[in-house]
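Asks: If you read the protein sequences in the order shown, they are chains A and B. Numbers 844 to 1155, taken from our numbering, label the letters of the first sequence in order. Numbers -19 to 261, taken from our numbering, label the letters of the second sequence in order.
Derived by calculation from the structure, the hints in this document are not laboratory data. Careful, some of the hints might be misleading.
[What the hints assert, rightly or not] The calculated SDA-like cross-link candidates involving lysine to any residue, where the alpha carbons are at most 20 Å apart (straight line), are:
#1 A:K870 x B:F164
#2 B:K248 x A:L970
#3 B:K248 x A:M969
#4 A:K1076 x A:P1105
#5 B:K248 x A:N961
#6 B:K83 x A:F876
#7 B:K83 x A:V863
#8 A:K870 x B:K248
#9 A:K870 x B:E153
#10 B:K150 x A:L970
#11 B:K248 x A:Q1046
#12 B:K83 x A:Y868
#13 B:K248 x A:A972
#14 B:K248 x A:L1045
[To be verified] Far from chain B by the CB rule (all over 12 Å, computed), these chain A residues:
#15 F931
#16 W932
#17 F950
#18 D1010
#19 N1019
#20 Y1053
#21 G1060
[Claimed, not checked] These stretches of chain B come out as covered by chain A in the derived footprint (C-beta under 8 Å, 3 or more residues):
#22 6 to 14
#23 36 to 50
#24 56 to 65
#25 79 to 85
#26 103 to 116
#27 122 to 134
#28 165 to 179
Quick reminder that beta carbons are idealized off the backbone N, C-alpha and C, glycines included.
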Amino acid sequence: MSQLSGTTPSPLAARIRRLVRDGVYDKPAAWRFSYLLILPGLFVILTMLGIPLVYAFVQSLYDVDLLRPGTPFVGLQNYVDVLSSSAFWSSLRLTAIFVAGTMTLSFVLGMATSLLLNREIWGFGMLRAMVILPFIVSEITVGITWRWLFAPDLGVINAVLSLAGGDPVRWLSEPNWAMFSVIIAESWRLTPFAILILLAGLQSVDRSYYEAARVDGANFWHAFRHITIPNIKPQMLITLIYLSFACVNQFAIIFSLTGGGPGQSTEVVALYMYDAAFGNFQFSLGSTLAVLLFIVNVVLSLTYMRVLRTDD
Amino acid sequence: MSFLTRPRFWRNAILNVLTFVAVAWAVGPLVWAVSSSFKALDEIYSFPPTLLPVSPTLDNYQLILEGENFFRYFLNSGIVTAVSVVITVALSLLGAYAFARFKFPFRSILLMLILVPRIIPSITRVVPLYQLWAELEMLNTYTALILPYAADALPIGIWILIGFFQAIPKELEEAAMIDGCSRFGALWRIIIPLTLPGVVAVALFSFLRSWNEFILAFTFIDTDAMRTLPVAHYQVFEFFGIRHWGAINAFTVLAALPIVIFFLIFEKHLVRSLTAGSVKG
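Same shape as in the complex, but just chain B (with noise of 0.2 Å):
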């Protein structure tokens, strides 16, 4: 057993269960959530609480699913979702290739206007946006979202793409066009596919922050038929009463289960575009 009289041994042992704490931080609190929402109400009320489901139902599942009005939440949220960072990416995109290529007059104040709003929270702007959206009669309506969406991450998509475009040669492009290309034509065949992780790491950003946002949905919404998911995962109180605590766990699971797996899937890309709105912002 000399190992265990090697101080590295115990140095490296004290070190991996540190880790394990962080980790168990980090993921505890989502564990209990889901642990919670496999269970049944006579066990959530039970004490001493169970680490895991003792008879794991779908009970929950089954009410958020067929008590409220989940999938529209989520088909609200998915088309919201899905605009905004369509938008977000082809404006980016053609932005970010004007400032990359071009020299033109006034490029540097344009650019400014582009970058600095980006300064601009949401929580500002809530109060003049409601006045806006009412005055026009659009509260309650996709656009009221999108719109604000592709706004709050267009600076940052720009940015990111101005960077992707100018670490592609011009002579690329130019020996494209001379051999018929027009100048879309070789933005779409030649350059674009060259930013592709450019593009993969805004459109993850966009992602992220529309089907998360909330401040501007639970302003501009209040019919049951528009709401998106966080403001229908807020509201889940009012639903179920404040002590459902299974009912209200499976929500979160239900909420939260697109953006983990999406994570999963692209985490690399995704630790890029967390990174670079705020490192390059």
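Only chain A is shown next, with the shape it has when bound in the complex (with noise of 0.2 Å):
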């Protein structure tokens, strides 16, 4: 490279001639011909995921409103309108609740399942491949199925709940109850992600652990308790995170069941963010709060880091 062996080096390329003359790094042929390899995906990545972030950061400074001409800055003010509105708020709680609600059921039923399937049972493969199939087939595909279970007057809910005795329930159309139903499904979508992750953990305990405790008079939840749970926090770490994050942005299976509705009863962020760019076209809003929901990614993957670092 000429211009880092020319008549005025700067700091940087002493620097970098030291560098490559203690075997810090290659020769500068080597450094071209990596850049090379890495331009064309860099390329890629910047110009469909660091630019339209930044892009959106830059219009939610502005006032961008298709229905009206001109585009004034106006600093932070859609952020003190959005934080200050009860829109957001609800829709915040919403998401809190959804998160929380999915969370909770997709990690227990994934730790229930794995802990089933980590015996001796005939047909193992088959039956993992199984309780797997909900995290393969698309969104769409979910929502879909579920809106069909939950149909109100044809579906087979309702009916198992008829032939019990019960009543109807309009899962769909009542406010708790439609939560509660997109909570299902994307709990039903989620759960073989932590059966994925706790089996793999459960089964690089050590046997002979349990046949120790066994010995010695320790019963399941002894044995739970004291050796598996230690064993196999790092993956149960990596599940909630993974989960939080799948929650957080979830969108489709909600869009295809619910919409948001009935009112705004399930409307969680992101869906209120589509709403706000693409239903009634306030491009400035909608950049605000795919902002904001960045920055919650940011502070759940911060905690990601934190949390594995430590846990080392």
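Two chains, two separate frames, one set of hints: put the complex together.
Replies: Right, here's the structure in full:
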């Protein structure tokens, strides 16, 4: 690289030259080859992921309204407006309920299923494949499959309820039941993920621990608390963190199951954002909400990194 | 009948029943969709519902395959997915190779620039990307979906493959180059075959995400001819009304079938790629 060995070496160039001499870096020809290999992937990632995010942030500082001409700069006014609107806090509250409900249900079901499958059991491979299926199909398939199960008049859940002597429930058109229904559908889809990770963890635990515990007279709960949980703690953390991302960013299942309704009773932040941008053409409000949602993701990621680091 | 009095027998029996319940919970909704898809409309409307179709019919499938542009949607999804997978695998291989093999200035900054955007979910970039494609007059094109799908899978693809490349000793490649291979030749003939399991994992990861993706496709596509399967699946109610559940379920089965078949063939690899995305990310 001639510019690095030119007549006026910058401190950076001098430092890099020193590092090459000491063998920390390869020869410049190898750098150029590396940059060439990295460039296409980096270009796609930055243009499709990085620039849109920056654009959303910039747009959140302006007052863009497609139904009105002019885009005045308003600074952080959009954030002030959003954070002082009841619609935002209502959607955030619904998101919290949805995330907490789904994470709890899918984690508990995933743990229970993993424990059941982690035995000497006939047809293990087939059973595992079957319980993973809901995670493989599309989110729209999940939404529509559950919409059919929850259908008020022809749905099988209400049919079973009436056969058992109960009253049919309008699952998707009563606010609390609608939230319950989207939590069930999302948990159904995410439980397999918990199974994949937790089962892998369970299978890595040395079986001799359990035999020793049994000799000492420990029952299932003792063994679970003192052997299983400490041994699969990393897998439990990874599962919980992944589930939190998946729930916070969930759009398609809720969109296809309830559309955010009835009223706004299942309109989590993701749906509120989409509706603001594409339902009401308030692109600045949509961008502001997108940035806020992104910040939630960043906070989750930082927690993720910290927890995993301290856990090692 | 002495085994009936043994606690171990009863314990196992109860656990087996619970296992059956867990499996039924997972596959039950899909089995119900399959069963409903073979029922005629009057059977769908009958009470109590029948577990299996009494008089199985293919009418619902005929409705979907003849009444809708199903093959076009399938083709659109296929093209978008295939190109996304090829781009993802190719660019992941190139990038991961550079990161695993060479020491160069700004390496860790570049690696961060590639990995960190992974935490930007589709939902937060659908608005600006829509505006970008609208500005470029590229809404309703395959490219408008392929590029974001590739970008979505690339960070994880590069991350998975760096691990595979690092596991291959550098001497192996140098030996091939001494024997007259160019660097690309060594990469192509020696290194890539050794990373095949990683390539399969990356390809499957990208395949699943692209084939199932909804929000970007729903937003960027508004002509019938360009719709992908998940979008057409969502809009099936507009076509049949909300009560033609036989046809709606037939669509569900047809849309899910390719992915289920893939899953059965590649189950082991898939488990790896599904978990790699989260554990390593």
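Asks: All hints, please: hold or fail.
Replies: How the hints compare with the structure:
1. A:K870 x B:F164: holds (18 Å)
2. B:K248 x A:L970: At roughly 13 Å apart (the allowed maximum being 20 Å), A:L970 and B:K248 satisfy the hint.
3. B:K248 x A:M969: Roughly 11 Å between the alpha carbons, so the hint for B:K248 and A:M969 holds.
4. A:K1076 x A:P1105: Violated. A:K1076 to A:P1105 sits at ~39 Å, over the 20 Å cutoff.
5. B:K248 x A:N961: holds (17 Å)
6. B:K83 x A:F876: The given pair, whose Cα atoms are some 11 Å apart, holds under the 20 Å limit.
7. B:K83 x A:V863: At roughly 9 Å apart (the allowed maximum being 20 Å), A:V863 and B:K83 satisfy the hint.
8. A:K870 x B:K248: Given pair A:K870, B:K248 is violated - Cα atoms ~41 Å apart, limit 20 Å.
9. A:K870 x B:E153: holds (18 Å)
10. B:K150 x A:L970: violated (41 Å)
11. B:K248 x A:Q1046: holds (15 Å)
12. B:K83 x A:Y868: With a Cα-Cα distance of about 5 Å, the restraint between B:K83 and A:Y868 holds, given a limit of 20 Å.
13. B:K248 x A:A972: holds (9 Å)
14. B:K248 x A:L1045: Judged against 20 Å, a Cα distance of about 17 Å means the pair holds.
15. F931: Non-interface label stands for A:F931: nearest chain B Cβ at 15 Å, farther than 12 Å.
16. W932: With a cut-off of 12 Å, A:W932 remains clear of chain B, as the shortest Cβ separation is near 19 Å.
17. F950: holds (14 Å)
18. D1010: Nearest chain B Cβ is 15 Å from A:D1010, so the label holds.
19. N1019: holds (22 Å)
20. Y1053: holds (15 Å)
21. G1060: holds (15 Å)
22. 6 to 14: This one holds; 6 residues, not fewer than the three required, reach chain A with a Cβ under 8 Å.
23. 36 to 50: violated (count 0)
24. 56 to 65: violated (count 0)
25. 79 to 85: Coverage by chain A holds here, the residue count being 6 at a Cβ distance below 8 Å.
26. 103 to 116: holds (count 10)
27. 122 to 134: holds (count 6)
28. 165 to 179: violated (count 0)
Checked against the numbered hints above, the structure breaks hints 4, 8, 10, 23, 24 and 28 and satisfies the rest.
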